[in-house]
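Q: Those protein sequences? They're chains R and F, same order as listed.
Per our numbering: the first sequence ends with 1409, consecutive numbering throughout.
Per our numbering: the second sequence ends with 1409, consecutive numbering throughout.
In case anyone wonders, no lab produced these hints; they're calculated from the structure.
A portion of the hints provided could be inaccurate.
Chain R regions said to be covered by chain F (calculated; three or more residues, Cβ under 8 Å) [said to hold, decoys possible]:
{"id": "1", "region": "1239-1252"}
{"id": "2", "region": "1280-1289"}
{"id": "3", "region": "1340-1351"}
Now the stretches of chain R that chain F is said to cover, found in silico as 3 or more residues with beta-carbon under 8 Å [stated by the list, open to error]:
{"id": "4", "region": "1209-1216"}
{"id": "5", "region": "1397-1409"}
Just so you know, even glycine gets a beta-carbon here, dropped at the ideal spot from N, CA and C.
Chain residues, written in single-letter form:
2 protein chains.
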Amino acid sequence: MTATEGPAYRRVAEQLRDKIHSGELAAGARLPSLPDLGRKFGVSADVARQAIAVLRSDGLVETRQGSGAFIRSFARIVRSSPARLARSQWGAGRPIQDHDTGQRLRTADVTVDEVPAPDEVAAALGVAPGKPLVARSRRFLIDDRPVQLSTSYYVPELVRDTRIVFTDAGPGGSYARLAEAGLEPVRFRERVEARLPDAAERQGLSMSTASGRVLEVTRLAFIADGRCVEFNRMILDAEVYVLEYDFPA
Amino acid sequence: MTATEGPAYRRVAEQLRDKIHSGELAAGARLPSLPDLGRKFGVSADVARQAIAVLRSDGLVETRQGSGAFIRSFARIVRSSPARLARSQWGAGRPIQDHDTGQRLRTADVTVDEVPAPDEVAAALGVAPGKPLVARSRRFLIDDRPVQLSTSYYVPELVRDTRIVFTDAGPGGSYARLAEAGLEPVRFRERVEARLPDAAERQGLSMSTASGRVLEVTRLAFIADGRCVEFNRMILDAEVYVLEYDFPA
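The task is simple: from the sequences and hints, build the whole structure.
A: As structure tokens, this is what we get:
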């Protein structure tokens, strides 16, 4: 898709984005200088620079002091909320992750277990600590790189008759299944922290350096009567993800 | 404030929270064992454990494997959005930070400068790169510990007749002043990344260890006609902050 309207720098940014997504501009490639880029697109070097700023903000390009702009070798993943978690997304049978990673190759290892409720999870779900819960654990890989570990906890009585207890939860995933079971999430709360990964997380995410960090995102999903029906603990490689939140004043 | 309604574990958590805030339970202190805590509050050890889980989630308590629960020596700061940025907060003349840190001692070093617009800021504010902008930089300290660096950029023509150009922006801060100038923010976008601090950030936040990380939060403030009127880059000590976002499905 190529835009022909809007400010010139946005038009240039979209054309470059198309070339990156098509592979015409490959990972690691150096972009032409700003004057050359401007000439190529019939704009000034200043406009070219603004276009690069947009691509950098989108995680597609990185600039290195004194040596120009490069296509990132692993494009960052921007998670935009609430759009990615909107009912219009999962309600239409689309995986949430489609919103984040578009056409990039994505795989997930899924396991479903019964586990005793950790204290923090029990408090959120309003059950006794240690009560057996359904735990859906996933390990997401993008373009063959592990980027995220995620475990969602549910009260068994609420989900045992749904596909949430299978490794393939079906179109639209767990939120679509909860909605079908009369437990439609209407509100989410996410808590974000940055911390060191533990050994299991480091291994799960194939993190090579000891200095790596993860973003820990804890999501609670609430239904209309105020009950929390899902506790989801996500561990994201902090090198890969950008979290974006839109909200009213 | 002591709650007398709701589940028992919440009541216990609120009473403990009162004791922490009053200093009766001091930083670093070890909490009694769960059975002792239960006896003290007339609840079971399980309920006491759930209460501790709440305090841990609020950043007031940390649990150490095998040795119990301790009052954190520097309580984490939970930033809850959109509540902290609600018009009802700054519109009533309250600093946003009151929402985060309550009664804790807070100071800020403020400087106001004119700086050439960095590319990323220029793209967001819709001005030419290099255009002179008003930059309000702040360094926040909580209980004498530097916790956050923040720089907000504004188009001079829009704010030069407001108190935003003074080090004390007045009651409710910049958003209250923008509203008075007919530029009331109605929507915010925040982008969150975790990364290594640069040398200046490390120094500004007095970070001692080379392994420290910061949360970089970039906020755009939009007015009703869709214009972005503020670009705010915040650098938060990742050891200190928890970011919380509530949003609809």
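Q: Each hint: holds or not?
A: Results for each hint:
no. : hint      : verdict
1   : 1239-1252 : holds (count 5)
2   : 1280-1289 : holds (count 6)
3   : 1340-1351 : holds (count 8)
4   : 1209-1216 : holds (count 6)
5   : 1397-1409 : holds (count 10)
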